[in-house]
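Participant: Taken in sequence, the protein lines are chains P and W. Under my numbering, read the first sequence as residues 28 to 495, first letter to last. Under my numbering, read the second sequence as residues 3 to 88, first letter to last.
Wrong hints could be hidden among the right ones.
[Stated by the list, open to error] Straight-line alpha carbon distances no greater than 27 angstroms define the calculated DSS-like cross-link-like pairs of lysine-lysine that follow: (1) P/Lys-489 to P/Lys-400; (2) P/Lys-425 to P/Lys-456; (3) P/Lys-179 to P/Lys-489; (4) W/Lys-25 to P/Lys-456; (5) P/Lys-246 to P/Lys-489; (6) W/Lys-82 to P/Lys-425; (7) P/Lys-489 to P/Lys-425; (8) P/Lys-489 to P/Lys-339; (9) P/Lys-400 to W/Lys-25.
[Claimed, not checked] A few chain W residues that face chain P, going by a derived Cβ cut-off under 8 angstroms, partial list only: (10) Gln-22; (11) Ser-42; (12) Leu-43; (13) Phe-45; (14) Ala-46; (15) Ile-47; (16) Val-49; (17) Ala-50; (18) Asp-59; (19) Phe-61; (20) Ser-62.
To be clear, the hints were calculated from the coordinates, so they are not data collected in a lab. Bear in mind that the values here come from a model prediction, so they are computed numbers and not experimental data. Every residue, glycine too, gets a C-beta built ideally from N, C-alpha and C.
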Amino acid sequence: MPRSAPSLWESLGTAGLARHRALWTGDTEVVLSDLAAGSALGGRLDDLRGRSVLVWTQDQLAAAIALVEIDGIARRLVLCPPDLDPAHLPYVVATAEIEAIVTDRPLDDVIGLGVECIVRCGRTIHAGSVDRAPRFESEWILFTSGTTGVPKMVVHTLATLSGAIQPAGNLAGPVVWATFYDIRRYGGLQILLRALRGGGSLLLSAPGESPASFIERAKARGVTHITGTPSHWRRALMSPAVRLFSPAYARLSGEIADQAVIDHLQATFPNARVAHAFASTEAGVAFEVTDGLAGFPASFLGPREGTDVVLKVEDDTLRIRSSRTALRYLGASSEPLLDADGFVDTGDVVEQRGGRWHFVGRRGGIINVGGLKIHPEEVEAVINRHPGVRMSLVTARKNPITGAIVAADVVLALDGDRALDPASVESAKAEILGACRRALPAHKVPASIRVVNALPVTPSGKLGRRDA
Amino acid sequence: MVATVRHTIISQFEQVAAEQRHKLASLTDDRPLMESGLDSLAFAIVVARLEDALGIDPFSASDDNQFPVTFGDFIQMYEKMYVNAA
Numbered sequence: 028m029p030r031s032a033p034s035l036w037e038s039l040g041t042a043g044l045a046r047h048r049a050l051w052t053g054d055t056e057v058v059l060s061d062l063a064a065g066s067a068l069g070g071r072l073d074d075l076r077g078r079s080v081l082v083w084t085q086d087q088l089a090a091a092i093a094l095v096e097i098d099g100i101a102r103r104l105v106l107c108p109p110d111l112d113p114a115h116l117p118y119v120v121a122t123a124e125i126e127a128i129v130t131d132r133p134l135d136d137v138i139g140l141g142v143e144c145i146v147r148c149g150r151t152i153h154a155g156s157v158d159r160a161p162r163f164e165s166e167w168i169l170f171t172s173g174t175t176g177v178p179k180m181v182v183h184t185l186a187t188l189s190g191a192i193q194p195a196g197n198l199a200g201p202v203v204w205a206t207f208y209d210i211r212r213y214g215g216l217q218i219l220l221r222a223l224r225g226g227g228s229l230l231l232s233a234p235g236e237s238p239a240s241f242i243e244r245a246k247a248r249g250v251t252h253i254t255g256t257p258s259h260w261r262r263a264l265m266s267p268a269v270r271l272f273s274p275a276y277a278r279l280s281g282e283i284a285d286q287a288v289i290d291h292l293q294a295t296f297p298n299a300r301v302a303h304a305f306a307s308t309e310a311g312v313a314f315e316v317t318d319g320l321a322g323f324p325a326s327f328l329g330p331r332e333g334t335d336v337v338l339k340v341e342d343d344t345l346r347i348r349s350s351r352t353a354l355r356y357l358g359a360s361s362e363p364l365l366d367a368d369g370f371v372d373t374g375d376v377v378e379q380r381g382g383r384w385h386f387v388g389r390r391g392g393i394i395n396v397g398g399l400k401i402h403p404e405e406v407e408a409v410i411n412r413h414p415g416v417r418m419s420l421v422t423a424r425k426n427p428i429t430g431a432i433v434a435a436d437v438v439l440a441l442d443g444d445r446a447l448d449p450a451s452v453e454s455a456k457a458e459i460l461g462a463c464r465r466a467l468p469a470h471k472v473p474a475s476i477r478v479v480n481a482l483p484v485t486p487s488g489k490l491g492r493r494d495a
Numbered sequence: 003m004v005a006t007v008r009h010t011i012i013s014q015f016e017q018v019a020a021e022q023r024h025k026l027a028s029l030t031d032d033r034p035l036m037e038s039g040l041d042s043l044a045f046a047i048v049v050a051r052l053e054d055a056l057g058i059d060p061f062s063a064s065d066d067n068q069f070p071v072t073f074g075d076f077i078q079m080y081e082k083m084y085v086n087a088a
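Next up, chain P with everything else stripped away, as it sits in the complex:
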């Protein structure tokens, strides 16, 4: 695409390149202004100019620096998520017509892909003169968060990825962002772009780092704004470290934020603005809810003043049209991403209760009990209201009579730093079941509750579900 907007590097400069602006992970600090007279790509921008470039890294910090350098230079940049199955790479290379690979991986990993131009990237910026004059409005190709089958690639631009980003409130000092998300997926990339274009810095999580240790580093770095999924937060809130941390802004997105996790987060950070946001790779950032309540006001539907985002509900799922949605799927055989009116179907089932819309679950994730449909998330929301519950996962258990019944795995809060005694566990289970019976019709009440120490969380920070 011909260039019409400033490149990421240019907008970084516009926001100011003060020496304190940095990206951090683990013990590493990358000072952004070093890129004014240096490169982490060996200065090889001419090799990438006008080309379709695959960014496939082990290290997310290396990917972040590469993105700053490549936007406006490459015709297309394809950002691989950390868990991309290498078996899919030949398909990705062919579909995205890759002409160059930017990587920190061993050469053996990429040599067989048939792409001649391989540019090494890393965390270290080496001094040298670089021509950063942008000539292209780069296409940004991201992968959807689905985990099975051939990956889906969606086409964004820097404009759709960062359009109409609202400032997150007035702060006296510099904004320091932190995100549990990986910046190589939509949710994390959002935060990287916000930090870079908004004049801030960003703390990234290190591979395998626990939420507790990430929170400790966030406190040490003076983080003011922090984002993650409800699953990230439920795990982080179990750690005592979180009580010493006091951000100005804490946000949930990527999964349904139920009332329990919102309340818990607000109670833990009494001085923070706690928000939950709706965003997806395809639909972009649609809205943020700041009134402390789950769901969103019915007034959000339809055209609204001050935003080009239009929400509607059709066939029970939320549809979104805005300048922040992706443009299309990549690949000749792909289905259209937008309907005839330009709306993205999020696949998220919503339900109106009173003056508010609530998320009930994913269209594909329904449990069918003898013909009655249940969204696991609506049962989890009830279970999570129990003060002793930290996380829960509701699944379908195969059953010869009704096809399936509802089963629940629950993580209970510790008693101080010790596990609960067996009698307390049994009484917690009975209380949870009682609460479910009061709040839900019989077929939605878990037939069995199992107490577990931990629940699976996917690399993208979402509760590990095996979707139906």
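Fit chain W to the known structure of chain P by using the hints.
Facilitator: This is chain W only, laid out in the frame that chain P set:
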């Protein structure tokens, strides 16, 4: 051993009926299952709990068991599989 199976089944029927607020009929061997007082959801839960307690699920077993008609059939089906599994 087999007596344990009968005992386990009866106590599961009673427990699930109580949880689901169903009025359980007296569980004689000639009682048709349809008249036991449990609906299909409660019945499904009983079968799942019995799988947890006894480690068997005769309904999902591959051999073509006749679907039990009476409470006695039901117990027999479990007893038979329990003995075979032991």
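Participant: Return the numbers of the hints above that this structure violates; sort them in rising order.
Facilitator: Structure breaks no hint.
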